[in-house]
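Each protein sequence line maps, in turn, to chains A and B. Read the first sequence against the UniProt record's numbering and you will find it ends at 428, with the numbers running on by one and no gaps. Read the second sequence against the UniProt record's numbering and you will find it ends at 428, with the numbers running on by one and no gaps.
Any given hint could turn out to be false.
No distinction is drawn between identical chains; accordingly, a pair holds when it is met within one copy or between any pair of copies.
Cross-link-like lysine to any residue pairs, in silico, SDA-like; alpha carbons within 20 angstroms at most [said to hold, decoys possible]:
#, residue 1, residue 2
1, K89, V336
2, K37, M244
3, K21, D291
4, K337, E119
If you are wondering where the hints come from, they were derived from the structure by calculation, not from laboratory data.
Protein chains: 2
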Amino acid sequence: MTAPLRLGIAGLGTVGIGLVKIVQNNPDLLETRSGRKITISAVSARSKDKDRGADLSGYAWEDNAVDLAQRDDVDVYVELMGGHEGPAKNSIEAAISAGKDVVTANKALLAIHGQALAESAEEAGKLIRFEAAVAGGIPVVKALTEGLSGNVINRVMGVMNGSCNYILTRMQDAGLTYQEVFDEANALGYLEADPQLDVGGIDAGHKLALLASIAYGTQVDFDAVELEGIGSVTIEDINQAADMGYRIKLLGVAQLTGRGLEQRMSPCLVPASSPLGQLQGGTNMVVLEGDAVEQVVLRGPGAGEGPTASAVIADIMDLARGVRISTFGQPAKYLVKARAARAAVSAPYYLRIQLVDKPGSLAKIAAILGDAGISIDRMRQYGHDDHSAPVLIVTHKTTRTAVDEAIQQFSTTGLIEGAPVAIRIETV
Amino acid sequence: MTAPLRLGIAGLGTVGIGLVKIVQNNPDLLETRSGRKITISAVSARSKDKDRGADLSGYAWEDNAVDLAQRDDVDVYVELMGGHEGPAKNSIEAAISAGKDVVTANKALLAIHGQALAESAEEAGKLIRFEAAVAGGIPVVKALTEGLSGNVINRVMGVMNGSCNYILTRMQDAGLTYQEVFDEANALGYLEADPQLDVGGIDAGHKLALLASIAYGTQVDFDAVELEGIGSVTIEDINQAADMGYRIKLLGVAQLTGRGLEQRMSPCLVPASSPLGQLQGGTNMVVLEGDAVEQVVLRGPGAGEGPTASAVIADIMDLARGVRISTFGQPAKYLVKARAARAAVSAPYYLRIQLVDKPGSLAKIAAILGDAGISIDRMRQYGHDDHSAPVLIVTHKTTRTAVDEAIQQFSTTGLIEGAPVAIRIETV
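Input sequences plus hints: build the corresponding full structure.
Next comes the structure, spelled out in structure tokens:
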């Protein structure tokens, strides 16, 4: 008879309560599968007296997460408070010092302090696990760390912020502007208190940085993620992209290149017929590419009580089953610092410019592209108002640097109105 | 310094050689990630002298897999020969008796003898792992056993035979008959030596039975899988289904109902816009539904050297990392015998009948459906030749039993030519 695995849960929001419900509702299932009873010793949250829709009377209460993390009757400290400093960080450090394993859904904390935390856990012989931090209910940390553990990973891609995908698909479906859908989503409570975490790509960038670390054996480096949010995506671009058989997604891509590790989180065009292109609404999708497995695609809910709690309990079950795999898939001391490569991988680009209607203006634009070494795959010019017209260009493969150079040159011609739009077309 | 994990590999076909290549090409990666060197001690296959495109000179050779499985310098016996009796079974039993863990890609063997083998492994304190047996490179055994381990599983669905999906999508794309595409696929070597394993749904049924055991904690029971192959799917049905927004897939579904465990492998209609409906060619897809996680979809290559070897090495890496999870996700002695439920879950059905052109014949058909308690969602009658016309019916939810009764009644009317077609519409 193995002793129960005793949890201390800090944070009783959606995910914390979801976890409590799973532990309360399916004790026999968890025990049969893991070989141990899973119990909750103590919980902690900001306010003790709030009704959270679950009976917490059987658990000790701690006002302070750091105290909870160090309790003698806690084997696994479950951090579900969020925040990349303060109580979350302090309590996880306290848990490790006190000899506890840690399960967390905190992507921001790990994306910023993951290496240091993994190292201290390792020195203490303890584990930090974070399946719930990436893509909610999708077991993608496990798929990458374990399921594809024999692969050299070639590329990791993902749509990992459901709110952004909701906004982009809703813009297209309803023909609304970014601002209209943003306001709507905000009113519905779909966005973080600081919406930039969502629409600025920060939240998804945290997730990408975590996956990149596992994929390439590198120290997690969120600062090196090239971030571009969806705020500049217009309904015109969405419609034009659709006309040409593409969808616009906030897509994260991590690739190890000869020039270093490239991590990008930015709006991209993907083929409408691809799994990524077909992804609607708040669902998440991660694409893993390895030298042996070729391509595996995982799709599922990226947030919500049940799905995120499902990922948290999976980590807990693994601990109960005695699985002891390092935080990032290999000992933290072997993780290397990757050189950050910016836009090292070439791609086709979608360009939209508002061209002044003068004889020879299109020729001038084409010449600038040619001088920048960019060849044109497709070009469309549309009917115009008084004195300017939109021109759409799909280039052959080129670099971001070349595109930026060309855009810089455009501005010197006096033939362009407004700011040119350049969106990468990711091959998927 | 941990000792190397030493493999004995029986079967040097596509998958065996794929595994050898991974071990040879990426030794440092495997060691860094698992904490142990992965080495090959010995190999075995039918013919020693065949050129297999990999250098095997460094490994001992055994003519007999049973001898290989018992070698002192083998820690993990990797069975990649196939076949559900004979050498595969004997050698796995020998390996377990000799105290080896086992990794196999053998779905037929485990679908038929999995319970007995898991029990003997368990008694010996050894593991049998089989990620490669289900859906090739997709880490679905891991996702279900570990990633969703905190979920009550509501339904498992999958397109798990790439050849069948290739045939069905090719029929639609090229407008060819089943027999034409079957012959083409056979000539291209896409089908098993006994094509019934593919097109009869047997191979996919094996995989479904394995997933059902993990999902529901039941003893694997392939005999209880209701099997229906794709041989009776016509291009007419594919086209009619497409007209109504559906695709026809060979879909496996496992559900635990109040009446027992339902396991079906049969052609089904699924919405064209769903991930299953969008699946083209030889790719596999598994849909896992749990009470907490809602729905997770996994998509990837279901066969081939690299993908299948990727799954085999993942199991080996888990063993190197010290992961000791029971074969079917819980101790074999706790797995229960499930009562087999046949068609317990109701669904809408697609019916196609060839109706003789007589006054009142359609009314008669409608009356029979009504008497069987089947209500009609949509009906279409087409222009007819001399004396009969196709009638398409989509029913509301009903049972297979009711549909079969109605079809039985149809035949007594003298108004039907040929055999009526009835295909389940799976809600996805």
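Any of the earlier hints contradicted here, and which numbers?
-> Result: hints 1, 2 break, sorted rising.
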